[in-house]
Structures are given as C-alpha cells and as structure tokens.
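S.K.: These are the residues of each chain, in order.
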Amino acid sequence: MALPPLPRPYQDTAAYWEAAKDHRFIIQKCKECGEFQFYPRGVCSHCLSSDLDWQEASGKAEIYSCSVNYRAPHPGFADATPFVLAIVTLEEGPRMMTNIIGCDPESVKIGMAVSVVFEDVTDEVTLPKFTPV
Amino acid sequence: MANAMRDVAIVGVAESDLGRVPDKSKFQLSAEASRLALDDAGLSVKDVDGLFTTIITEGGQFSSMMMAEYMGITPRFTDSTSIGGSSFVAYVEHAAMAIATGLCDVALICHGSTNISDRGGKGGPMSASTDVFGPSQFEEPYGVSTVGSYALAAQRHMHEYGTTSEQLAEIAVATRKWASMNPKARMRDPITIDDVMNSRVIASPLHLLDCCLVTDAGGAVVLTSLERARDLKKTPVQVLGTGEAHTHRMISQMPDLTQTAAAISGKLAFERSGLTHSDIDVAQIYDSFTITVLLTLESLGFCAKGEGGAFVSNQRTAPGGDFPMNTQGGALSYTHPGMFGIFTVIEGVRQVRGECGPRQVPNAQVALCNGTGGVLSSTGTIILGRD
Ligand SMILES: [Zn+2]
Ligand SMILES: [Zn+2]
Chain A
-8 MALPPLPRPY QDTAAYWEAA KDHRFIIQKC KECGEFQFYP RGVCSHCLSS DLDWQEASGK
52 AEIYSCSVNY RAPHPGFADA TPFVLAIVTL EEGPRMMTNI IGCDPESVKI GMAVSVVFED
112 VTDEVTLPKF TPV
Chain B
27 MANAMRDVAI VGVAESDLGR VPDKSKFQLS AEASRLALDD AGLSVKDVDG LFTTIITEGG
87 QFSSMMMAEY MGITPRFTDS TSIGGSSFVA YVEHAAMAIA TGLCDVALIC HGSTNISDRG
147 GKGGPMSAST DVFGPSQFEE PYGVSTVGSY ALAAQRHMHE YGTTSEQLAE IAVATRKWAS
207 MNPKARMRDP ITIDDVMNSR VIASPLHLLD CCLVTDAGGA VVLTSLERAR DLKKTPVQVL
267 GTGEAHTHRM ISQMPDLTQT AAAISGKLAF ERSGLTHSDI DVAQIYDSFT ITVLLTLESL
327 GFCAKGEGGA FVSNQRTAPG GDFPMNTQGG ALSYTHPGMF GIFTVIEGVR QVRGECGPRQ
387 VPNAQVALCN GTGGVLSSTG TIILGRD
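The listed protein sequences correspond, in order, to chains A and B. Just so we're aligned: 43 in the numbering used here is position 52 of the first sequence, and the numbers increase by one with no gaps anywhere. Just so we're aligned: 42 in the numbering used here is position 16 of the second sequence, and the numbers increase by one with no gaps anywhere.
Keep in mind that the hints were calculated from the coordinates and are not lab data. Don't take every hint at face value.
What the hints assert, rightly or not - Going by beta-carbon spacing under 10 Å, a handful of chain A positions derived as facing chain B:
hint, residue
1, L(-6)
2, R(-1)
3, Y1
4, F27
5, F29
6, R62
7, F68
8, A77
9, M87
10, E97
11, K100
12, G102
13, A104
14, S106
15, V107
16, F109
What the hints assert, rightly or not - Computed, partial: chain A to chain B, Cβ under 7 Å:
hint, residue
17, P(-2)
18, S58
19, F74
20, I92
21, G93
22, C94
23, M103
For glycine and all other residues, C-beta sits at the position ideal for the given N, C-alpha and C.
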C-alpha cells in the first residue's frame, strides 16, 4: 500500500514531531507577547520574536469545521476513504488541521468536543489526530 | 490621490485552444494566447516591454524569465507574483501601476496550463509525493486537498448561516445556462438543481457539480496607456479601480472560513474607482467551486454576510436575472486550467466592449472581475469601464 504524505521534520518543527513520537502534544508559546501559535515556526507570528517556548497542550479542542472526504487526495489515501478532514480550535486558541477518527465519519459535526489521540503511521512518524470526547 | 490607473486601458484579450490540447505545451498555449491578444489590440510582440506571468507546475521556475525567453521578449518591467489563480487579476493592478508611472508602455499578462493533459487526461490528483517539507506538513498528512479545503469553508458557512446545498447548486445551474451560449465552453448541456444535488459527493457538502472543470487552456491580456489605446484597433477598456490582498496560505490558517480577502481587495477597488455596487453591470467572479462564488459575493459586499444563499436563489445570476455573472460559463462550465483568473478579465473586457454575441449583457458599461487564489487565500479585484 502506498504511503500517505508524511512530514519531513526541519528546524522549526523537529521538536514537535519528536514529541508526537512520544505521544506528547506540544505547541509554541511566545515569551515576548504571551500568544500561542500553531503550526510551529522559528518566530512568533504575532510579534516576530524568536523567543518561543514549547508547552504541553491540553489536547482538548472543538471542531471549527469538518468535511467527509470520499475521494482520495493522494494514492496513500486510497484505502482510507471516507475520512473526516477537520479544522479544530485548540483549548489554547490556535487552530490546526487534523482528522477526526474513532467514530462514524457521518456523525462528526461542527462544535463537537474532541481530544487528541496519536496515530503511529510509521516507525518514524506519529500524527496527532482527534476523537470525539 | 488621483487615480492614475484610470489613464491605463486593456486593449487586447484572447484565449488559446481550450479543453483537451494534448499536442501543445503549456508554454505554447501561453504564447499563442499572447499572439492572439496582441493581434486583438493591433500590436506586435516587439511592442511588449512589460511581462507578467506565473506557472506553478513543472517547468515553471523563474516564470517571467522563462516565458520572455520563449517569446523573444526583453522586458524592462517583469513580474512573477505567484498568488494562485488571482495572480492574473492582481497583474492588471501591477501593470496599470507600471504603465501609469512610465515604467513600461505595453504590458502583456499571459497564462498557459496543460492541467488535464498533465494528469493523463483525468481529473485526479497530481501529486504523489510522500515527503512533505515546509508548513504544509501540518496539512498534507491529513489528506487535505483543494476540494477538501473549500468544503470546510462551505460546511462552516452552512453551520453559521443555514446556507443550503440547493443554494450552492443555483450557482452551478445558472453558470451552465451562460455556458450554453458560449461555443468555446466545454460543458453546454443544461443541468438542474437536482442534477447537482444528485451528483456524487466529493467532500461534504460539495458535490461533483459544485466543482470546476479541469482543462488545458491559455489566456492573455494586453494593456497600454489610455492615450495610446485610443489609436488602437478596439474600444479601450479603462482600468477604473483595482485591489489585491491575501490572508493566509493554508486553509487551517484562514482567519474566518466565511470571509475571503475580497473584503479587502473589493473595498479598495470600489474606493479607487469611485463607483458603488449598483454601478456594476456584469460580474466575473472566480468560481473554482460554487462556495467560492457565494463567499466572494458576500465579501465584495454585493449582499450582507450570510445572505449569499438568498442572493443567488431563483437563478438571479443566470441569463435574464438581475445579477448577470460568469457570462462565459465560468470555471464550472467553460474552462479551468488550474488558475482561472485571466479568464475573468478576458470576459469582463469582452462584455464591456459589447462583443459577446448571444450572451452579451445589454449595454454593459462597467464590469467587476474578481480572482481568488490558493485556498480562498488571495484575491484580486478590478473594475473595468468603457472609455
Ligand atoms: Zn509574540
Ligand atoms: Zn518567425
């Protein structure tokens, strides 16, 4: 079976993916302005400071939008349809893209409370995903 | 500040061969559209001293250098701004600025794409890379796609405002009616709201017929000063106002899934033109998906936020309706080579010139064209008027 697209960690993101491998979900908080951000960057997207901290996130989130995808966007998803593509709002504020798993795709609705779960896609890569609480 | 861009006009427009053109490269389609647009203006390639183009697929690196070399042009103003499908609408602003300030005299905006032939003639995904570098590694592993991204916006709009799939279908049905009057349109057979609703769901709530075509196509637009334009072949079409903006690159970073950057670019274009919504006789609104149109109409202020569904109901945008829109058949039914922006400009110009035959909007004096690029990321808005 073809692999789905997988992240190649780089300077900004290596710590995030390393933590995910350990089933920890961390996000960045700016020491200068105090804002959280997602996705990880080398600077704060609110104030451009390089002084960033990694923090353990609560893993709690709410579905901002979701869509049941019936067509594979990539050969690596050929056996994965239908799947739920979603944007969730983390308890800390930022939004991220994810999949909602562990439930009937058609049952997933905007506003649902979800929490993080970890999917080990390969030995090297773990993806944080979300499941209804 | 006086609007110097009013002294600039669009003088030539053209498409290349459209549809499935497997025997021509994207570079040839772009160059042939350029030749035809220059013919339309009564100018030659020797006159071109400003070039505006971008190719986002294979072989497109250094787009403006590459296409200038391909066509034998030595520009003294060059622009490969790459903001997706809206690039070619934003280029009208850039070209008008360059001409108004004397940085170039004749600007050529061109585009070519073999989007369907590149996929072996099928509309499926193009990329099969498994190794994602850069911020998109926070989306692609989750199976994001263009249609999936727009579906997320549609779902949110439905959630917030009660917009329905039937209302989105109204747009596809009306656009097909316009296409039936355009011999160059790829899909010309009438469709009904039920046809859209019964077409398979690609990414909920979007059905197959909520989605644009995938085709090969090229297009080109030529601009010069209004003064010079008055000595050329066709009625000059003045650039009355322009605006551009972008708010994000990836859909998960969009500040508000129900409002596009057209809220910024449209406001600028209206302000700079000194015109209001009621002055617009015909609108060309980027229709990569039906939801793109609905969000854009709201963001441009043709109706209040949340009222887009009601606005497009009862075939308001169809021939004979009081909001003629996407009169060549749009990306939904006429052509869509991955980036559609230049075709909104071409049709806007033709409507204002009055050369659209059976689909001509009677006495269309002022056209608004809006491009959207990326995943509802970028917009360019221009308002055009007859000299
Ligand atoms: Zn900061
Ligand atoms: Zn020759």
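S.K.: Could you run down the list of hints and mark each one as holding or not?
M.R.: Cross-check of the supplied hints:
Because the smallest distance between the Cβ of L(-6)(A) and any Cβ of chain B comes to about 5 Å, under 10 Å, the interface hint for this residue holds. With 10 Å as the threshold, the beta carbon of R(-1)(A) comes within range of chain B, its nearest partner Cβ sitting at about 5 Å, so the hint holds. Because the closest C-beta pair between Y1(A) and chain B is about 6 Å apart, less than 10 Å, the hint holds. Evaluation of the F27(A) hint against chain B yields a violated restraint, the C-beta minimum of about 14 Å exceeding 10 Å.
Among the interface hints, the one on F29(A) holds; its C-beta lies about 8 Å from the nearest C-beta in chain B, closer than the 10 Å criterion. A distance limit of 10 Å between C-beta atoms decides the matter here; for R62(A) the minimum to chain B is near 5 Å, and the interface restraint holds. Against a cut-off of 10 Å between C-beta atoms, the interface hint on F68(A) holds, since the closest Cβ of chain B lies about 5 Å away. The interface hint given for A77(A) holds, since its Cβ lies 8 Å from the closest Cβ of chain B, which is under the 10 Å cut-off.
Look at M87(A): its Cβ gets to within about 6 Å of chain B, closer than 10 Å, so that hint holds up. Restraint check, E97(A) versus chain B: the minimum CB separation of about 8 Å is within 10 Å; hint holds. Against a cut-off of 10 Å between C-beta atoms, the interface hint on K100(A) holds, since the closest Cβ of chain B lies about 8 Å away. Here the hint on G102(A) is kept, as its CB sits about 8 Å from the closest CB of chain B, short of 10 Å.
With its C-beta approaching chain B no nearer than about 16 Å, A104(A) sits outside the 10 Å limit, and its interface hint is violated. At about 17 Å, the closest approach between the beta carbon of S106(A) and any beta carbon in chain B exceeds 10 Å, and the interface hint on this residue is violated. The beta carbon of V107(A) is not positioned within 10 Å of any beta carbon in chain B (closest approach about 13 Å), and the interface hint is therefore violated. The interface hint given for F109(A) is broken, as the beta carbon of that residue sits about 13 Å from the closest beta carbon of chain B, more than 10 Å.
Because the beta carbon of P(-2)(A) sits about 4 Å from the nearest beta carbon in chain B, less than 7 Å, this interface hint is met. A cut of 7 Å between beta carbons decides the hint on S58(A): the least distance to chain B is about 4 Å, and the hint holds. Against a cut-off of 7 Å between C-beta atoms, the interface hint on F74(A) holds, since the closest Cβ of chain B lies about 6 Å away. Nearest Cβ of chain B to the Cβ of I92(A): about 10 Å, over the 7 Å cut. The hint is violated.
The interface hint given for G93(A) is violated, since its Cβ lies 15 Å from the closest Cβ of chain B, which is over the 7 Å cut-off. Taken as an interface hint, C94(A) does not check out: its beta carbon lies about 15 Å from the nearest beta carbon of chain B, beyond 7 Å. Because the closest C-beta pair between M103(A) and chain B is about 11 Å apart, greater than 7 Å, the hint is violated.
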